[in-house]
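There are 2 protein chains.
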Amino acid sequence: MSETGPAFLWANSGDSHYMEPPNLYDELPEHLQELMPKTVRDEERGAEVITVDGQSFERPLPKPRTREQWLSTAARPKEQHLDEEEGEKRAPGAFDPQLRLVDLDGEGIWAEAIYPSLGTWTFNIRTPELVREGCRISNDFFIAFQRQSPRYVVAASIPLLEVGDAVAEIRRAAGLGFKLAFFPVRPPMQKPTWQHDEWDPVWAALEEHGLVLGFHIGTEPVDPTGYIGVYHRGRGGAVLNYVETTYGGQRAVTQLIACGALDRHPDLRVLVSEGGATWGPFLADRMDEGYRQHGAAVRPTLSKPPSEYLYTQVYASFQHDRSAVQANLAMGWKNVMWGSDYPHYEGTFGHTQKTLHELFDGVPADVSHRIRIGAFQELFPHVPAPPTP
Amino acid sequence: MSETGPAFLWANSGDSHYMEPPNLYDELPEHLQELMPKTVRDEERGAEVITVDGQSFERPLPKPRTREQWLSTAARPKEQHLDEEEGEKRAPGAFDPQLRLVDLDGEGIWAEAIYPSLGTWTFNIRTPELVREGCRISNDFFIAFQRQSPRYVVAASIPLLEVGDAVAEIRRAAGLGFKLAFFPVRPPMQKPTWQHDEWDPVWAALEEHGLVLGFHIGTEPVDPTGYIGVYHRGRGGAVLNYVETTYGGQRAVTQLIACGALDRHPDLRVLVSEGGATWGPFLADRMDEGYRQHGAAVRPTLSKPPSEYLYTQVYASFQHDRSAVQANLAMGWKNVMWGSDYPHYEGTFGHTQKTLHELFDGVPADVSHRIRIGAFQELFPHVPAPPTP
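If you read the sequences in order, they're chains A and B.
Residue numbering for the first sequence follows the working numbering, starting at 219 and increasing by one per position.
Residue numbering for the second sequence follows the working numbering, starting at 219 and increasing by one per position.
Same shape as in the complex, but just chain A (with noise of 0.2 Å):
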């Protein structure tokens, strides 16, 4: 990659995945296997069926761009990137741990925080049974990767429709060597949001176990009456979408930040991941204003102002984000940290060289450092650090 720029740069990724083989719940008795996640690509209709628990979701393909396609498009953004059209596929490690290694070398991605696929899924499943089952296999399974590499931070799965449950599984995660811990941004349905007392202690756990709660956006529970991740229709529809897809993790954030959770665990940290960065600055101004200012409404106190957590317990990744450098270096928020996307669609395959040099040609070298390297150390300290250019 030394042709694209003066120096390879590496940098952890605070937000990547694995793809879960199709034989992944095979030792599973056969009445709960047929219930576990499963997604059916219709290449003819354009069109891919999600199974899962009974429920059945179809969304559309996401259809490639031609060449011509997009040299068509009129508007192309200066920081336009033709090869991550392909998407996925173009990622040959993306089923391999060991391919995957050589993926990273090539792109400048040292360490990941490893979050499912299909799994985003288990949050859809309704029967506790199969839910716990589901996930004490996945994370069986899941720990072997990590284990295939020390760059590898793989996020365990926690079934969430029973506390005793999460808390359980939490515990065994953290002895099977799990350091972080992947939530959805929206408990599953029918149970309550994060501020409620019910979730009390599955912080606890989380912390006293030492797993960061990993908050992936784009998790919120679907509705089986509603469209997957659609919630806008026709003109503008795919931009609103995507930038919808951000705010079920800030409200995550607050959640956690107003019922006073992060001031009741203060070793507790948090990593909201592919959300973007610059929101959290704006997020912690506006929650100090609203607990300021609406103060005769506030329950619980707390022992700092809101924005004080999010400062120091909250971390974020983003991708291609101008701004999000700036959320560092001039609004003093240090938990901002990049991340790649491996090997999804919105991700920097493929051109992780010249977003890196995009992002950080002419910062500081220690906020370069930090962003790219330190935040996310500083979560996983026991990840080595990148070899020296």
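Note: identical chains are not told apart, hence a pair may lie in one copy or across any two.
The calculated lysine-lysine pairs, modelled on DSBU-like cross-linking and capped at a C-alpha distance of 35 Å, are:
1) K522 - K552
2) K522 - K572
3) K572 - K552
4) K522 - K409
5) K409 - K256
6) K409 - K552
No lab work stands behind these hints: they were computed from the structure.
Small disclaimer: the values here were computed from a predicted structure and weren't measured.
Knowing the structure of chain A, use the given hints to seat chain B on it.
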């Protein structure tokens, strides 16, 4: 106010309010009069009942904290302001355009974009005739308010149940001398959101007649079966509900940009009032990423990346946010504008000079001037400059 700091700072406000007189709708025919928004405060029960067009909504009255309650609050952000707790009652000029100037002079607020208070309920009206006649009477009354000082930029009320009525009232309001039109962040119930082509004649009319499109946050029409402005109850609810109010403004901007309205109407200017400002650079980056990465699904194609419309045609006002100054200085969004929210509860009445000095002391003079004065002047060039202090 000279005892609070070395220099008296003037600032224009991108977010202020008028208070409607109780007899505003007296000249409406009786059968319409009784359907216009009314509010009755029941101090004993600590509740306020709003009635509009046969619908009735109740919400708790804000309970000002006693000094003892305030002092017992463990976490008090440094920039706390005791006096704001008494809220609206302490602004003597709230109901009187001449007394108001005395308040403004004392605070250092020069010119103001002035929105309705009770009039925000207009968007819950379901009868076209009612909203059309109500807006007409309100605009006739408040243009007289505006004429009492060149510092007043009052927002015209626009009937939105029939696009033809909206276009007609925009034209009439411009003829009366209005320079700003008040829009809710979400259209009335049963109407499509702003990206829909049904609204295209409205954007064309605003551009043609030189009216700024003013979205004031917290103006989502209320579902009569739900709670007013209450998204969350219980633990953390006050902060959560306050934070939630900002997203409507962000969505409205995304809708206008994504559907191409700002592309087709390059002279249309949008002001988002009271929703903070640091979301701007964040949303710009997020829209660009969605536009680029989901390019195959984007309709319509725009002449420029989405961020460029936001950076040039969209303005936003904030009150206290520390990060908002950096959104201009470090992130380059020149359309950040200060706002007082006079005479409302979240505003700066009683501590405006303190707030302005906290925000702008040490900030380069051109940036301070742009946020306090210049961005507003760009939207409303007819307004005279503040006196040299």
